[in-house]
Structure formats: structure tokens, C-alpha cells
Amino acid sequence: MTDTVGDTTGTAVTALRDLDTSHVSDALDRLGIAGQCLGIMPLDRSFRLAGPAFTVRYVPVGTDPGSVGDYIDDLDPGTVVVLDNAGRMDATVWGDLLTATAARGGIGGTVIDGVCRDSDRALELGYPVYSRGRWMRTGKDRVRVDGYQVPVTAGGVRVEPGDLLLGDADGVVAVPASRADEVIAVAGQIRDAENRIRADVEQGSPLMTARAIAGYHTLQTRTRSAD
Amino acid sequence: MTDTVGDTTGTAVTALRDLDTSHVSDALDRLGIAGQCLGIMPLDRSFRLAGPAFTVRYVPVGTDPGSVGDYIDDLDPGTVVVLDNAGRMDATVWGDLLTATAARGGIGGTVIDGVCRDSDRALELGYPVYSRGRWMRTGKDRVRVDGYQVPVTAGGVRVEPGDLLLGDADGVVAVPASRADEVIAVAGQIRDAENRIRADVEQGSPLMTARAIAGYHTLQTRTRSAD
Amino acid sequence: MTDTVGDTTGTAVTALRDLDTSHVSDALDRLGIAGQCLGIMPLDRSFRLAGPAFTVRYVPVGTDPGSVGDYIDDLDPGTVVVLDNAGRMDATVWGDLLTATAARGGIGGTVIDGVCRDSDRALELGYPVYSRGRWMRTGKDRVRVDGYQVPVTAGGVRVEPGDLLLGDADGVVAVPASRADEVIAVAGQIRDAENRIRADVEQGSPLMTARAIAGYHTLQTRTRSAD
Numbered sequence: 062m063t064d065t066v067g068d069t070t071g072t073a074v075t076a077l078r079d080l081d082t083s084h085v086s087d088a089l090d091r092l093g094i095a096g097q098c099l100g101i102m103p104l105d106r107s108f109r110l111a112g113p114a115f116t117v118r119y120v121p122v123g124t125d126p127g128s129v130g131d132y133i134d135d136l137d138p139g140t141v142v143v144l145d146n147a148g149r150m151d152a153t154v155w156g157d158l159l160t161a162t163a164a165r166g167g168i169g170g171t172v173i174d175g176v177c178r179d180s181d182r183a184l185e186l187g188y189p190v191y192s193r194g195r196w197m198r199t200g201k202d203r204v205r206v207d208g209y210q211v212p213v214t215a216g217g218v219r220v221e222p223g224d225l226l227l228g229d230a231d232g233v234v235a236v237p238a239s240r241a242d243e244v245i246a247v248a249g250q251i252r253d254a255e256n257r258i259r260a261d262v263e264q265g266s267p268l269m270t271a272r273a274i275a276g277y278h279t280l281q282t283r284t285r286s287a288d
Numbered sequence: 062m063t064d065t066v067g068d069t070t071g072t073a074v075t076a077l078r079d080l081d082t083s084h085v086s087d088a089l090d091r092l093g094i095a096g097q098c099l100g101i102m103p104l105d106r107s108f109r110l111a112g113p114a115f116t117v118r119y120v121p122v123g124t125d126p127g128s129v130g131d132y133i134d135d136l137d138p139g140t141v142v143v144l145d146n147a148g149r150m151d152a153t154v155w156g157d158l159l160t161a162t163a164a165r166g167g168i169g170g171t172v173i174d175g176v177c178r179d180s181d182r183a184l185e186l187g188y189p190v191y192s193r194g195r196w197m198r199t200g201k202d203r204v205r206v207d208g209y210q211v212p213v214t215a216g217g218v219r220v221e222p223g224d225l226l227l228g229d230a231d232g233v234v235a236v237p238a239s240r241a242d243e244v245i246a247v248a249g250q251i252r253d254a255e256n257r258i259r260a261d262v263e264q265g266s267p268l269m270t271a272r273a274i275a276g277y278h279t280l281q282t283r284t285r286s287a288d
Numbered sequence: 062m063t064d065t066v067g068d069t070t071g072t073a074v075t076a077l078r079d080l081d082t083s084h085v086s087d088a089l090d091r092l093g094i095a096g097q098c099l100g101i102m103p104l105d106r107s108f109r110l111a112g113p114a115f116t117v118r119y120v121p122v123g124t125d126p127g128s129v130g131d132y133i134d135d136l137d138p139g140t141v142v143v144l145d146n147a148g149r150m151d152a153t154v155w156g157d158l159l160t161a162t163a164a165r166g167g168i169g170g171t172v173i174d175g176v177c178r179d180s181d182r183a184l185e186l187g188y189p190v191y192s193r194g195r196w197m198r199t200g201k202d203r204v205r206v207d208g209y210q211v212p213v214t215a216g217g218v219r220v221e222p223g224d225l226l227l228g229d230a231d232g233v234v235a236v237p238a239s240r241a242d243e244v245i246a247v248a249g250q251i252r253d254a255e256n257r258i259r260a261d262v263e264q265g266s267p268l269m270t271a272r273a274i275a276g277y278h279t280l281q282t283r284t285r286s287a288d
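Sequence order for the protein chains is A, B and C. Mapping the first sequence onto our numbering, position 184 (from 1) lands on 245, and the numbers just tick up by one. Mapping the second sequence onto our numbering, position 11 (from 1) lands on 72, and the numbers just tick up by one. Mapping the third sequence onto our numbering, position 11 (from 1) lands on 72, and the numbers just tick up by one.
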């Protein structure tokens, strides 16, 4: 990583890129951490993202229309923008010009608890946007920024600035920065066991046998409820 | 346009084809017109449509099963069929044979506040259908036509016969026929400003600077609430 | 069919492969059978499935975590796995290793009243999964198997072991095994009539004329309400 997200974070992000969200989800379960963002999906199945969060919280406008945000020029490459618009489906907080600026700046992707617009541009540039859907109506004069780099909610999960996001075709998981090494280590074990099991199955082994040999169920056992 | 939707309408439709729904949406906001259809999306992201509305309103059948409609043979080329099935997800009002007939007749597309079936045919023929989803269960004997060329609702928006519809990957907007010139003019200004800003950003300008030069926020300012 | 689902079933499955879900749905309507699964869609529009059901019912775990199932190694080729997780969106009952095992074993596909994970593997292997969506959080320690080969619910439809499932881009229909011949015969008539109508329309006939010649509306008339 030549970006500026920090060496420790950079190492963790590199490790995350070799994992799927299912591996990290199982590791979060095993460690008793809630981190699976519900209902926030990639605009395109081919998208993946990994990186530390820059967070923005939106609220409905009152008498002051406020601003929809002028943060994009100041972000470090590799950052993942996490926009908490409280799940609103009727007012976008991301569109064409933000996509173009983010893609040019090497931003890692955008995760929205809400909707985006100009989805064609994100696909054209291969810029990974995760959201509850897409629509064309702007959030301008409907919502305003209430805080930058504050704890936010994304798909029912608390995300703090610097927490690590991983997204693939099945959605997004958030990993608390303080637990990243632990989560990544467990997720790596789960991935390795699954790869062994799948190789066995592809060569004709019954799944039950392959799982038993790999001790798979034990790997997944949770230490406490993550619900 | 060699179609028969009328010269004035034809000119407006041609202009709409050069706009995105986000441009028109911002123009509607600025002019205080509600026209963004919520929850009605293209069957395929590649679809676009533009044209004047032919409207059909459906209601549940009572003791008389009524008809699901025999209007398709009578429409002018370029017309957009707008079917108001009150958002019902469990009874289709569009399918294979209507798609085949519409595609052959040069109909501009179909917008459904409800669901369609035989989505494969629409994709095969490149016929743009916008809907709340797809399912295979017919509306026959479940819903019937209550009126043709009456005001209808599509995604929360009132659509009158002859109003102009524009659809792209982000959804559908409806423009009142009586305000079309005004909306198109403002939308064109917004598109041009966005194109200038994006060009600046692609050449390395900060977004905030590019926006300020183009006077972008002023262009988007609404004259009154459109919510 | 060289599989072991039985000769009678095998013949019916072969016939189903030549039908679309819309044909079967109309036949179910005409015969007064409820069989259209609402809200369960293919992970990919290109997927199709046809085959007899092997059913599994899930319930939330109590004090006993139970098992998420070890059935996959025992299924006959051609079987369609039907998993009733009560529409839960927050706990998967199908993923990577089940997909790999099922694809290798020639299983016909999976229908889930709930969600799946590792959707990329299903796409990579062309293994047809139908579900309410996708997410990465496991059902392990959240739900457990309550019964195999019991009557289950899928998208509001009762499915018994051995009932026949047909899936295409528009969703899934279930045909009671005891009525399969009847349903397939009627669906075949509807398909043939639609093909004649579409051929006429493609050669310039008005749809209303083509429908009248084929006696289409009569074919669709129901014997009693299927709602």
C-alpha cells in the first residue's frame, strides 16, 4: 500500500482483500462482534471494497438547509466513505460528481445507509458503491451533514471512524479497528478450512466427511451470542 | 421524429433523450414540481425510455371479471404505456404478448406501478419495461381496467395522459406536459454545468473549486419545497 | 433422464423444462391450484430449475443450537432442495460448500424462503439458487433443522416432498405431484397458443385479432378462484 491510511491499517486492509465477507462474518460471530450490515448491497455483483471508514452522518434539514457535504477533496486514498442517511430511500447522498472525484482520487469505495444516484457512472468507472438502492432524487435541501468522523450506523451496525469495511457480492461487513488483527486471524483460519473442504468435495468426498476432517464446525463455534 | 406523437411533443422527447433522470429531477426540484417516481426501476440497467404517456388504471375485480385491456394495437409509435396497478406485487399487468406487440409497433416503453412477467422477452427484444419487480402470476381475473387516458399514480407521482416520461438506470421521472419546455431548459443548464465540473475534476481540479466556478449549487436551488 | 427421481417424475420434469413459469402459473390458475411462490427470485436471470422437492424446515434455535443440516450428501441427482427458513432475511441456510457439493452431485437447484450466501460460487458453477436475497451472515447457531421431508412453505405456497418445482427469470412455481400431469397438459396448451399468437403478431397481426383466433382468453379462464 502506498496510500496514507497508516501502516497498521494498510496491513490489515491487504489481509482483508484475501477474505470474503462470509469468512469475516463467521469470525465476527465466533468473537461475539456484531458487524454484518443488513440490506446494503453492491450496485454491481462484481464490486469489492476494503478500507478504513471515513464517516458522515446526515439528518433531515430544518429551517437551515445546511450542506450535503464538501469532504471528498480531503480524503486519503484507500479510504472508504460511510454515509449514514438513516436508511432513507427517497433522498440521495451520492452521485455522479462524487463518484468521478472519488475514482480519480483513489478512494476505496462508498457505503451508504440510503440510496445513490447516477449509478451508470459508478459502473463505468468501476467505483464500488454499496447502498440500499438507487434513485435520482437529490438529498440537497432534504438532508444535511450533521457530523463528520462521528460514530454512524450502517445496516444496523455501529461504524466508527477508522473501522475496517469489507464488501463483496454478498454485502458489507464492518470490523472494529481495535479487533481487526483478531478478526482477520480467525477469518483466515475459516477461509483455509473451507478451501480444504471444497477441494475435498470437488474430488468426490462427501461434504460431511470433508467437514469433519477439517474440524469446520468447531472453527465456527461462537464464544457468545452475536445477535 | 417521424412518429405521430405531435411536433411539440416530438421536440420535447428529442430533448429529453439527451438528459439523465438526475438532471430532470433537479430541474423539477428547482421548479417545485413533484415528478420522481419512487420504487419503479428498469428490468435492466441498460434500458432508457422517453415519450408521452398513455395511461391505464387498474382496480381489483369485483363480481365482473372485466378485461385486462385491449389497448395495445391502437397506440401511436413512441408512446410510453403507464399502467397504474396501485403498486400490487401479486398480479401482473404486462407480459410476453404485450411486449412482442409493443416492440413491433415501436412503442416507447412501459412504466408499471406494479409488476410484469416474461421479463426474458423484454430483455431479448430490448423493450424497456420499468416496474416494481417481476413475477409470473397474471392479473387476469384479479384486476381489470378501470379507465384509459385518466390521471394515474406511478411511484407516488400523478401522471396525466400526454405527460412526458424519462427513464434510465436510476428510475423514472414524469414531466407535466404543460411545464415540459421549462423543465427541459433548466435540466439542460444543470447537465451542462455538471459536464463542465466533471471535466474539471477529471483534469485534477478539487470538486469544491469546480463546483464554485460553475455556480452549481445556485443552479440546484429550489424555488419552493418539492416534497 | 438417467437420474433416480423415478420414471413418472422424470417424464414430468422433462415436460416442465419446455415450459415457462407463466405457462404453468396460468394452468395452476385455470385448475384452481395455488402454486406461485411470491418473492423468491433467481440469483441470476439466466437460471432455470426443474425437479422434485426435497424439503427442509428451519426454526430459530432455542437452548439447543441443533444442526443446520447434513442432508446434502444423500440426495438423488435432479432433486430440488426447498429450504423453509420462514422468510428470514438475517440468517443464511445455504452457502459455498453446499453449492459446491450440490453442483458436483447433479442436484437440480435450491429454493430458499430466506437468504443464501456466497452467491459468487453459485454463479461461477451455474448452480441455480432462488431466494429472497443474499447476505453473508450464517444461520448456524441462529436456526436449526426442525424436519426433513415435511410439508413446508415457500413464498406463501405449500410444498410437499416430491412436488415439482419450476423456476425461471420470473420466479418459481410449485406443482403438486398428484396434479402434475393435468397442470402440464394445460400449461402446454397455453404455451402453444401463445406461440401461435406471438408468431401472428410478429408478422403484423393486431394482438386482439391473434388472440381471438387462438381462443386465448378461454384457455386462461379459471374454474374457481386461486387467490
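Quick caveat, the hints were computed from the structure, so don't treat them as lab data. From the three backbone atoms N, C-alpha and C, an ideal C-beta is built for every residue, glycine too. A few of these clues could be false.
[As the list claims (entries may be wrong)] Here are some, though not all, of the chain B residues that point toward chain A, as calculated from beta-carbon distances under 8 angstroms:
id: 1; residue: D68
id: 2; residue: T72
id: 3; residue: R78
id: 4; residue: D79
id: 5; residue: D87
id: 6; residue: L92
id: 7; residue: I94
id: 8; residue: Q97
id: 9; residue: L184
id: 10; residue: L186
id: 11; residue: G187
id: 12; residue: G232
id: 13; residue: V234
id: 14; residue: V262
id: 15; residue: P267
Taking each numbered hint in turn, which are not upheld by the structure, reported in ascending numerical order?
-> Hints 1, 2, 3, 4, 6, 7, 9, 10, 11 not satisfied by this model.
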